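Visitor: Here is what each chain is made of, one letter per residue.
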Amino acid sequence: MKLIIRGGMVIDPVTGSMSEKDILVSKGRIAGIDAGIGSNGATVIDARGKLVAPGLIDMHVHLREPGYEPKETIYTGTRAAARGGFTSVACMPNTNPVADNAAVVSFIKDKAAAQGVVNVYPIGAITRGSKGGELAGLGDMREAGAVAFSDDGSPVMNAGLMRRAMQYARMLGMTIISHCEDINLSAGGSMHEGYISTVLGLKGIPSSAEEVMVARDIILAGETGCRLHIAHVSTAGSVRLVREAKARGVRVTAEATPHHFTLTDEAVLGYDTTTKVNPPLRLVEDVAAVKEGLADGTIDVIATDHAPHTLEEKDVEYERAPFGLVGLETAVGLVWTELVATGFLTPLQAITMMSQNPARVLGIPRGTLEIGADADITIIDPDFSGVVDPVQFAGKGRNTPFGGRLLKGLPRATIVGGRVVMQGGYVNR
Amino acid sequence: MGLSGKDLTGLRNVSPGEIQLILDTAAPMKEIIKRQIKKVPILRGRTVVTVFYETSTRTRTSFELAAKYLSADAVNIAAATSSVKKGESLKDTARTIEAMGADVVALRHPMAGAAELLGGCLGARVINAGDGAHEHPTQALLDLFTVREKKGRIEGLKVAIIGDILYSRVARSDIWGYTKMGAEVRLAGPATLMPPGMEKFGVKVCSCLEEALDGADVINVLRIQLERQQHGLFPNLQEYSRLFGIDRERLRLAAPGALVMHPGPMNRGVEISAEVADGLQSVINEQVTNGVAVRMALLYLLIGGGAQNEANY
Numbered sequence: 001m002k003l004i005i006r007g008g009m010v011i012d013p014v015t016g017s018m019s020e021k022d023i024l025v026s027k028g029r030i031a032g033i034d035a036g037i038g039s040n041g042a043t044v045i046d047a048r049g050k051l052v053a054p055g056l057i058d059m060h061v062h063l064r065e066p067g068y069e070p071k072e073t074i075y076t077g078t079r080a081a082a083r084g085g086f087t088s089v090a091c092m093p094n095t096n097p098v099a100d101n102a103a104v105v106s107f108i109k110d111k112a113a114a115q116g117v118v119n120v121y122p123i124g125a126i127t128r129g130s131k132g133g134e135l136a137g138l139g140d141m142r143e144a145g146a147v148a149f150s151d152d153g154s155p156v157m158n159a160g161l162m163r164r165a166m167q168y169a170r171m172l173g174m175t176i177i178s179h180c181e182d183i184n185l186s187a188g189g190s191m192h193e194g195y196i197s198t199v200l201g202l203k204g205i206p207s208s209a210e211e212v213m214v215a216r217d218i219i220l221a222g223e224t225g226c227r228l229h230i231a232h233v234s235t236a237g238s239v240r241l242v243r244e245a246k247a248r249g250v251r252v253t254a255e256a257t258p259h260h261f262t263l264t265d266e267a268v269l270g271y272d273t274t275t276k277v278n279p280p281l282r283l284v285e286d287v288a289a290v291k292e293g294l295a296d297g298t299i300d301v302i303a304t305d306h307a308p309h310t311l312e313e314k315d316v317e318y319e320r321a322p323f324g325l326v327g328l329e330t331a332v333g334l335v336w337t338e339l340v341a342t343g344f345l346t347p348l349q350a351i352t353m354m355s356q357n358p359a360r361v362l363g364i365p366r367g368t369l370e371i372g373a374d375a376d377i378t379i380i381d382p383d384f385s386g387v388v389d390p391v392q393f394a395g396k397g398r399n400t401p402f403g404g405r406l407l408k409g410l411p412r413a414t415i416v417g418g419r420v421v422m423q424g425g426y427v428n429r
Numbered sequence: 001m002g003l004s005g006k007d008l009t010g011l012r013n014v015s016p017g018e019i020q021l022i023l024d025t026a027a028p029m030k031e032i033i034k035r036q037i038k039k040v041p042i043l044r045g046r047t048v049v050t051v052f053y054e055t056s057t058r059t060r061t062s063f064e065l066a067a068k069y070l071s072a073d074a075v076n077i078a079a080a081t082s083s084v085k086k087g088e089s090l091k092d093t094a095r096t097i098e099a100m101g102a103d104v105v106a107l108r109h110p111m112a113g114a115a116e117l118l119g120g121c122l123g124a125r126v127i128n129a130g131d132g133a134h135e136h137p138t139q140a141l142l143d144l145f146t147v148r149e150k151k152g153r154i155e156g157l158k159v160a161i162i163g164d165i166l167y168s169r170v171a172r173s174d175i176w177g178y179t180k181m182g183a184e185v186r187l188a189g190p191a192t193l194m195p196p197g198m199e200k201f202g203v204k205v206c207s208c209l210e211e212a213l214d215g216a217d218v219i220n221v222l223r224i225q226l227e228r229q230q231h232g233l234f235p236n237l238q239e240y241s242r243l244f245g246i247d248r249e250r251l252r253l254a255a256p257g258a259l260v261m262h263p264g265p266m267n268r269g270v271e272i273s274a275e276v277a278d279g280l281q282s283v284i285n286e287q288v289t290n291g292v293a294v295r296m297a298l299l300y301l302l303i304g305g306g307a308q309n310e311a312n313y
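From first to last, the protein sequence lines are chains A and B. Under the numbering used here, the residue at position 200 of the first sequence is numbered 200, and the numbers go up by one with no gaps. Under the numbering used here, the residue at position 300 of the second sequence is numbered 300, and the numbers go up by one with no gaps.
For reference, chain B alone in the conformation it holds in the complex:
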């Protein structure tokens, strides 16, 4: 069994079985990362291009290392330094990249739907590395991997996602991922940052942080962007922190041994206290390692030996 789609644009259209496969494949990949010589020849001669229209250190580096550990050639195109600045459209940029022989394109873009647009005009596989407020599927996969590794399961766990749901692509992918894998998802955040229609996702919108944290096994803390305050979506950071910040006191409301997660970069002292971020229950650094493993698994499944149905494309 492999992945059914050509691209990975989001978790909405990925089946629980496929998520399971990716997570199962990521486990041996993590072993490779732990070796002294972190290189296997699985993707020798293949090319992975990361195209980033937004600045990102973590995700871009993670994709690049994932490709390199599997012996693929990895190239980054930073939009700020490319012909994009000269007015080239996303489609034309993509065709240029393909003409150079890319097998996989990992795209980060500020606009929702960009990965689907790209996938539709490329023969190469496209992995969405975050598009606007739409999805960030590899982040959710690494979250799921981390939870499964630490808790032994995902099904039946109580997962709280806290903060700016409206603008968060991580939240959307996490919601699809967790619910597909059988977890119970609760959301809490300012009402102005809670998008409409959440009940249709099969999640619970809590009226306050405490309700969401009560007995939670996993706490996913989202980054709050200062510009949301500037646009009048909440009054000020102090108030945000007081209502939705995760500190040691509030962590006690969760189940004993609850995991604290954050997609980074963190605003310490705002959405998460330094104490909690660096505390024993925090798996934030582990998430970063797991991100590389999950991306290795994806690359392998898309263009390596895992892509048994490659001929179909």
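Just chain A, with the same shape it has in the complex:
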């Protein structure tokens, strides 16, 4: 079956070009990009006035399966991705059991192939059970299809172990994704440490809890030559450290989440547990630094850290609530509203940070519109706006602090391997 995406503004991060063209999709692959491709009985999607981008990739999500199916499943999580305009996701290993071996990695891949609607790339744990004690079977997991390693959510506190993990990952040609948090500095905290935490009487997580680990891991990456990716950068100090390391030639990349470039700790006033996230929402100057880091290329990737929880889990006292918020279905709108419409990023930069750059970090053959590539395509209407309504989410989690927010610039179609999985905001079953 053939598909033509007609008349859209095609953004190609590989060539850095933007031009009005048609895209021909055939047998699940991109078969042609040109002006005025003849229909010839193909299904036509009218993309006039819209942006046509390589399928977006969210390299930091929690699909929760296996083990935490009440929060999210591969079935629902991939539909949330599709609705949000993402054609691929990389999922973190903090499932139950932890994805610290080939069997769990294979399970996730198989389940995604059977029930998912977008591409799913498992990330394996660095240490067994993500307990920070001994190395997990990194080589076996690579064989099974893991694309990177991370103990996201339970940082590797032992620097010696992290160093060995980097040495080993380098041998395998794999990237370590670090959730940078010194748990002795963050211990017991539930929001950013500052004036607002003092007002609310909540224990704070200081910026140093993140920054000392960013510094440590950059030093270790420099020493071992391992590729390091810093997850969810949230402080001005972390942005500075990454910028400086890149200038020295350390193989480090970094990501930022929409909530960290949008919200500050003032969102916590009122104790809304949807604002409880790790790393926490920081200060105005941190938000500014993250945006600057995105604009100048210090931060390579926009990722959501999509972390669904059940209503009951979040409907409790702030300190008792789990960390995390859902991001897949609001990310594009937030990027467009907060960064593109305001001039911080060009559309090309924004698309690059959500397609080509994450593909490069993970070493996967996506994020491109080259002829012959899998036809993963996202169509965004920069003028289409809507109010975030968590009830409409395709994912299970409703834990978003953005409910009721008006976003402009929304995904209107998601095409995975030539198959239209989302159109007009509706996920095709």
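Since the hints were made in silico from the structure, they are not lab data. Given the structure is predicted, the values throughout are model-derived calculations rather than measurements. Any given hint could be a false lead.
Unchecked claim - Only pairs whose alpha carbons sit at most 30 Å apart, straight line, appear in this in silico DSSO-like list of lysine-lysine:
| no. | chain 1 | residue 1 | chain 2 | residue 2 |
| --- | --- | --- | --- | --- |
| 1 | B | Lys204 | A | Lys203 |
| 2 | A | Lys203 | B | Lys150 |
| 3 | B | Lys158 | B | Lys30 |
| 4 | B | Lys68 | B | Lys91 |
| 5 | B | Lys200 | A | Lys203 |
| 6 | B | Lys151 | B | Lys34 |
| 7 | A | Lys203 | B | Lys68 |
| 8 | B | Lys204 | B | Lys34 |
| 9 | A | Lys131 | A | Lys109 |
| 10 | A | Lys2 | A | Lys109 |
| 11 | B | Lys151 | B | Lys204 |
| 12 | B | Lys38 | B | Lys151 |
| 13 | A | Lys203 | B | Lys38 |
| 14 | A | Lys111 | A | Lys27 |
| 15 | B | Lys151 | B | Lys39 |
Knowing the structure of chain A, use the given hints to seat chain B on it.
Guide: Frame of chain A, contents of chain B only:
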């Protein structure tokens, strides 16, 4: 004029005028407490439920007596003996209480924000009786009442708050209360127990106890919890006492006739010497009496004749 909010979760969102109203209302309430027959029918037929997730004798009893002196029915739910232990959430516990017909719920809870959470899902009025390290507004109100009664004013007074500010809900409510009423607030305590951002509250963080006490009209001594030492926040109690304990010598640094206050329960010989606690300048026992008066005033303003805007809720 009445109170503008449905609940009293803290003094941060209470105006100076409202604080004034509560203090003015507490004065005649104190008269009632001094009578031989301590009962007026103002809240007859109304129900006040105290829900305490932490043990407390002073505050719980104070709320109960305040309700009873005004003829309300008062019931206590101690979390240790309730369905809370069976895993019921705070919200469900609250709805159960409301279904039984409570008009006011006074909540003590170990977690910050619990009173706001409760107030958000209840039609009944909620009074925060202490939530984690957030606020303890009735304690601050009774402190303000005591100072006003003894000194005739609050505005312009120099108030020192000494000790563990970081974990103290009393300190936070006191800071809002005193600053709103025009006092000059100074803080002193171990640097590890001083929370960030204090300058934004319009208070002065002193580098040592002596600086905070210099010429002070009121000294609010906070309780130091032994578990803070166990968590490595200060080296040992002896050192704490030496650096921040209030004894007779140090009291001389304050203005003549300075008031010594403590929210209780005291660690005698640690944050306050027995001599000072029982001395002429101590108003610690008076604070307890005033606590009942202030809580009576609040109940009256929330659900009695003082609640003129009740229909709005």
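Visitor: Each hint should be assessed against the structure and marked as holding or not.
Guide: Each hint, compared with the structure:
Taken as a hint, the Lys204 (chain B) and Lys203 (chain A) pair is honoured in the structure, with Cα atoms around 22 Å apart against an allowance of 30 Å. Among the hinted pairs, Lys203 (chain A) with Lys150 (chain B) is inconsistent with the structure: their alpha-carbon atoms are about 36 Å apart, more than 30 Å. Restraint check for Lys158 (chain B) and Lys30 (chain B): the C-alpha separation of about 26 Å stays at or below 30 Å, so the hint holds. A threshold of 30 Å between alpha carbons decides the hint, and for Lys68 (chain B) with Lys91 (chain B) the separation of about 26 Å falls inside it, so the pair holds.
Simply put, Lys200 (chain B) and Lys203 (chain A) have alpha-carbon atoms about 18 Å apart, close enough for the 30 Å limit, and the pair holds. A hinted pair counts as satisfied when its Cα atoms are at most 30 Å apart, and Lys151 (chain B) with Lys34 (chain B) qualifies at roughly 21 Å. A C-alpha spacing of about 37 Å is found between Lys203 (chain A) and Lys68 (chain B), which places the hinted pair above 30 Å, so the restraint is violated. Only pairs whose Cα atoms come within 30 Å are accepted, and Lys204 (chain B) paired with Lys34 (chain B) is rejected, the gap being roughly 38 Å.
For the hint pairing Lys131 (chain A) with Lys109 (chain A), the CA-to-CA distance comes to about 23 Å; that is within 30 Å, so the pair holds. Our distance criterion of 30 Å between C-alpha atoms is met by Lys2 (chain A) and Lys109 (chain A), whose separation comes to about 27 Å. Distance hint between Lys151 (chain B) and Lys204 (chain B) is fulfilled; the C-alpha atoms sit about 22 Å from each other, no more than 30 Å. Annotation: proposed proximity of Lys38 (chain B) to Lys151 (chain B) holds, straight-line Cα distance about 27 Å (limit 30 Å).
Between the alpha carbons of Lys203 (chain A) and Lys38 (chain B) the distance comes to roughly 42 Å, so the proposed pair goes past 30 Å and is violated. Restraint check: the Cα-Cα separation between Lys111 (chain A) and Lys27 (chain A) comes to about 23 Å, which is no more than 30 Å; the hinted pair holds. The hinted pair formed by Lys151 (chain B) and Lys39 (chain B) meets the criterion: a straight-line CA distance of about 29 Å does not exceed 30 Å.
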